[in-house]
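Asks: From first to last, the protein sequence lines are chains B and L.
At the far end of the first sequence sits residue 298, using our numbering, and the numbering has no gaps.
At the far end of the second sequence sits residue 377, using our numbering, and the numbering has no gaps.
Bear in mind the hints are in silico, worked out from the structure with no lab data behind them.
Virtual Cβ for every residue (Gly too), placed ideally from N, Cα, C.
Hints are supplied without guarantee of correctness; some may be wrong.
Lysine-lysine pairs mimicking DSBU-like chemistry, simulated, CA-CA at most 35 angstroms apart [claimed, not checked]:
#  : chain 1 : residue 1 : chain 2 : residue 2
1  : L       : K106      : B       : K111
2  : B       : K111      : B       : K212
3  : B       : K111      : B       : K201
4  : L       : K268      : B       : K201
5  : B       : K111      : L       : K105
6  : L       : K235      : B       : K212
7  : B       : K281      : B       : K111
8  : L       : K161      : B       : K212
9  : B       : K201      : L       : K105
10 : B       : K201      : L       : K235
Going by beta-carbon spacing under 7 angstroms, a handful of chain L positions derived as facing chain B [what the hints assert, rightly or not]:
#  : residue
11 : S108
12 : L110
13 : V333
14 : A349
Away from chain B, derived, C-beta distances all over 12 angstroms, residues of chain L [stated by the list, open to error]:
#  : residue
15 : G146
16 : A149
17 : P154
18 : A231
19 : I232
20 : F238
21 : E271
22 : L297
23 : L361
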Amino acid sequence: MSEIGLPTVLLSPRQVASESIGVRRLLIAVALGFLTLFLVLPLAIVFSEALSRGPVAYVAALLDPDARAAIALTLTVAAIVVPLNAAFGIAAAWAIAKFDFVGKNLLITLIDLPLSVSPVVAGLVFVLTFGAQGLLGPWAAAHGLQIIFALPGVALATLFITFPFVARELIPLMQQIGSAEEEVALTLGASGWKTFLTVTLPNVKWALLYGVLLCDARAMGEFGAVSVVSGHIRGLTNTIPLQVEILYNEYDVAGAFSLASLLAFLALVTLGFKSWLEWRSDRGVAGQAAR
Amino acid sequence: MTLSIAGAAFKKPSALPGFAPALGATVLYLTLIVLLPLGALIAKASTLGFAGLWAVAMEPRVLAALKTTFGVSFAAALIDVVFGAIVAWTLTRYRFPGRRLVDALVDLPFALPTAVAGIALAALYAPNGWLGAPLAAIGVKVAFTRLGILVALTFVGLPFVVRTVQPLIEELDKELEEASATLGASRLRTLLRVALPPLIPALLAGLALAFARGVGEYGSVIFIAGNIAYVSEIAPLLVVVKLEEYDYAGATGVAAIMLAVSFVMLLTINLLHAWSRRRLGDV
Numbered sequence: 008m009s010e011i012g013l014p015t016v017l018l019s020p021r022q023v024a025s026e027s028i029g030v031r032r033l034l035i036a037v038a039l040g041f042l043t044l045f046l047v048l049p050l051a052i053v054f055s056e057a058l059s060r061g062p063v064a065y066v067a068a069l070l071d072p073d074a075r076a077a078i079a080l081t082l083t084v085a086a087i088v089v090p091l092n093a094a095f096g097i098a099a100a101w102a103i104a105k106f107d108f109v110g111k112n113l114l115i116t117l118i119d120l121p122l123s124v125s126p127v128v129a130g131l132v133f134v135l136t137f138g139a140q141g142l143l144g145p146w147a148a149a150h151g152l153q154i155i156f157a158l159p160g161v162a163l164a165t166l167f168i169t170f171p172f173v174a175r176e177l178i179p180l181m182q183q184i185g186s187a188e189e190e191v192a193l194t195l196g197a198s199g200w201k202t203f204l205t206v207t208l209p210n211v212k213w214a215l216l217y218g219v220l221l222c223d224a225r226a227m228g229e230f231g232a233v234s235v236v237s238g239h240i241r242g243l244t245n246t247i248p249l250q251v252e253i254l255y256n257e258y259d260v261a262g263a264f265s266l267a268s269l270l271a272f273l274a275l276v277t278l279g280f281k282s283w284l285e286w287r288s289d290r291g292v293a294g295q296a297a298r
Numbered sequence: 095m096t097l098s099i100a101g102a103a104f105k106k107p108s109a110l111p112g113f114a115p116a117l118g119a120t121v122l123y124l125t126l127i128v129l130l131p132l133g134a135l136i137a138k139a140s141t142l143g144f145a146g147l148w149a150v151a152m153e154p155r156v157l158a159a160l161k162t163t164f165g166v167s168f169a170a171a172l173i174d175v176v177f178g179a180i181v182a183w184t185l186t187r188y189r190f191p192g193r194r195l196v197d198a199l200v201d202l203p204f205a206l207p208t209a210v211a212g213i214a215l216a217a218l219y220a221p222n223g224w225l226g227a228p229l230a231a232i233g234v235k236v237a238f239t240r241l242g243i244l245v246a247l248t249f250v251g252l253p254f255v256v257r258t259v260q261p262l263i264e265e266l267d268k269e270l271e272e273a274s275a276t277l278g279a280s281r282l283r284t285l286l287r288v289a290l291p292p293l294i295p296a297l298l299a300g301l302a303l304a305f306a307r308g309v310g311e312y313g314s315v316i317f318i319a320g321n322i323a324y325v326s327e328i329a330p331l332l333v334v335v336k337l338e339e340y341d342y343a344g345a346t347g348v349a350a351i352m353l354a355v356s357f358v359m360l361l362t363i364n365l366l367h368a369w370s371r372r373r374l375g376d377v
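Model the full assembly from the supplied sequences, consistent with the hints where possible.
Replies: Okay, here's the thing in structure tokens:
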């Protein structure tokens with residue numbers, strides 16, 4: 008508005024307060040070039056290599072007995088890990104977002120802790136806990152429990168790694184929403200459970216779903232932690248990522264990428280779902296969708 | 095309910111139910127899944143003592159791996175800060191076809207399993223790969239060198255920088271830039287003196303996050319690195335190698351050193367967040 012009164016200014020402040028068209032194009036080109044090099048090409052080569060021997064070989068690689076065993080184990084681990092971490096993510100979010108108590112920030116930091124621990128170290132801690140020389144190793148052996156180099160070890164390491172995913176999606180959203188609606192429901196006579204199921208849950212359902220999807224994608228794709236505790240017993244304790252590693256090291260590149268393409272596809276679904284949630288909340292359809 | 099009397103000072107009163115079971119379940123689960131296992135590591139590390147840890151760190155092969163891990167992680171984090179800032183700025187300030195798709199793609203390193211990223215990068219930069227072949231023609235070798243580790247760590251660290259900086263660019267007050275322009279500053283000067291300063295804490299936090307992630311990264315690195323002792327071995331790999339040799343003390347030592355660095359980084363990141371909040375609060 009003020010520029011009308013300033014005839015000497017040739018460009019409006021809005022135009023001056025941006026880069027020239029040449030600089031813009033250069034920056035866009037740099038950004039897109041960098042992302043193509045580091046993100047698009049790695050993604051493209053997964054599918055290109057997977058299909059390099061044709062669709063028949065692709066399907067055959069997925070139906071190989073070791074591959075099927077790996078897929079089954081991965082699905083089993085995810086079926087154990089995701090519901091547990093979802094349940095505890097909800098409990099943690101309820102305690103943290105709806106109440107004020109001493110040590111809350113410490114608790115939030117501790118929940119985030121697995122994110123800053125190297126996956127390999129996450130695997131190591133379970134070997135040190137339950138391995139033959141570990142703290143609980145003799146106890147587990149005395150009770151005939153095989154934990155390390157078996158399904159329980161793989162599940163525990165995955166639980167550790169994916170512990171924060173659901174809680175992290177829910178806590179900020181539930182803090183932002185506040186507890187006024189729950190208080191109204193309780194005042195009107197609803198029980199605590201009914202309030203949670205009919206008031207809280209509908210408000211956070213998309214964030215919960217996204218957290219579950221993130222948790223699932225990571226649970227199925229975890230490599231470092233699982234690699235340390237699994238013992239690499241083919242057909243028994245190999246998850247999809249471990250089977251990918253074995254195939255790749257045996258120079259069955261197409262086979263490795265065929266299995267890898269399943270996980271890459273899951274990653275793309277996760278990204279697509281997140282974009283859809285953001286698009287929804289940008290348009291204000293949900294108003295309260297995740298981030 | 096039983097907690098309400100004893101916990102009066104511990105918790106602010108609230109009309110909502112379920113505090114004790116929710117908190118109790120969370121703390122119990124956290125203790126069993128995260129704290130006790132980490133405690134086992136710390137217990138094992140403390141039997142080594144400081145001298146024992148120092149001896150592990152000073153083994154030539156461990157020392158070389160630690161140097162590689164920290165050095166290359168830092169270099170990759172710096173690359174991510176530069177290009178991540180450009181990507182974040184471009185995605186926030188400019189409109190171009192496919193922007194939403196590109197924005198979604200930035201999270202790929204979060205979502206793609208590390209082993210998948212690892213074999214993809216290894217295949218890309220192999221001597222006969224899409225990028226490896228042209229690079230080999232000009233004499234640049236990426237696979238099985240530290241350069242390969244740099245590529246992998248740049249990949250995993252990128253979203254940490256972009257997603258840390260992006261929200262702050264969105265919040266930048268454009269009127270300040272307009273004021274600076276009308277007062278006669280060139281665009282470059284406006285960017286450096288007006289737009290950049292509020293972003294610095296976020297850029298540093300992004301640097302710390304990308305660095306911390308790089309130090310612990312395993313899956314996406316080991317395939318492209320080739321894992322040649324003293325050349326392209328990373329610290330997480332040595333944990334695995336020592337475990338395979340049943341050298342539990344050695345593995346614990348390397349892990350404890352990595353864990354200590356992660357905690358320092360976590361602390362740094364929290365301090366940077368606090369600094370950033372204070373700065374923005376002043377405006």
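Asks: Decide, hint by hint, whether the structure agrees.
Replies: Structure-based check of all given hints:
no., hint, in the structure
1, K106(L) to K111(B), "holds (12 angstroms)"
2, K111(B) to K212(B), "holds (24 angstroms)"
3, K111(B) to K201(B), "holds (26 angstroms)"
4, K268(L) to K201(B), "violated (46 angstroms)"
5, K111(B) to K105(L), "holds (10 angstroms)"
6, K235(L) to K212(B), "violated (49 angstroms)"
7, K281(B) to K111(B), "holds (28 angstroms)"
8, K161(L) to K212(B), "violated (45 angstroms)"
9, K201(B) to K105(L), "holds (24 angstroms)"
10, K201(B) to K235(L), "violated (62 angstroms)"
11, S108, "holds (6 angstroms)"
12, L110, "holds (5 angstroms)"
13, V333, "holds (5 angstroms)"
14, A349, "holds (4 angstroms)"
15, G146, "holds (15 angstroms)"
16, A149, "holds (19 angstroms)"
17, P154, "holds (21 angstroms)"
18, A231, "holds (17 angstroms)"
19, I232, "holds (16 angstroms)"
20, F238, "holds (14 angstroms)"
21, E271, "violated (4 angstroms)"
22, L297, "holds (16 angstroms)"
23, L361, "violated (10 angstroms)"
Hint compliance for this structure: hints 4, 6, 8, 10, 21, 23 are not met, and every other hint is.
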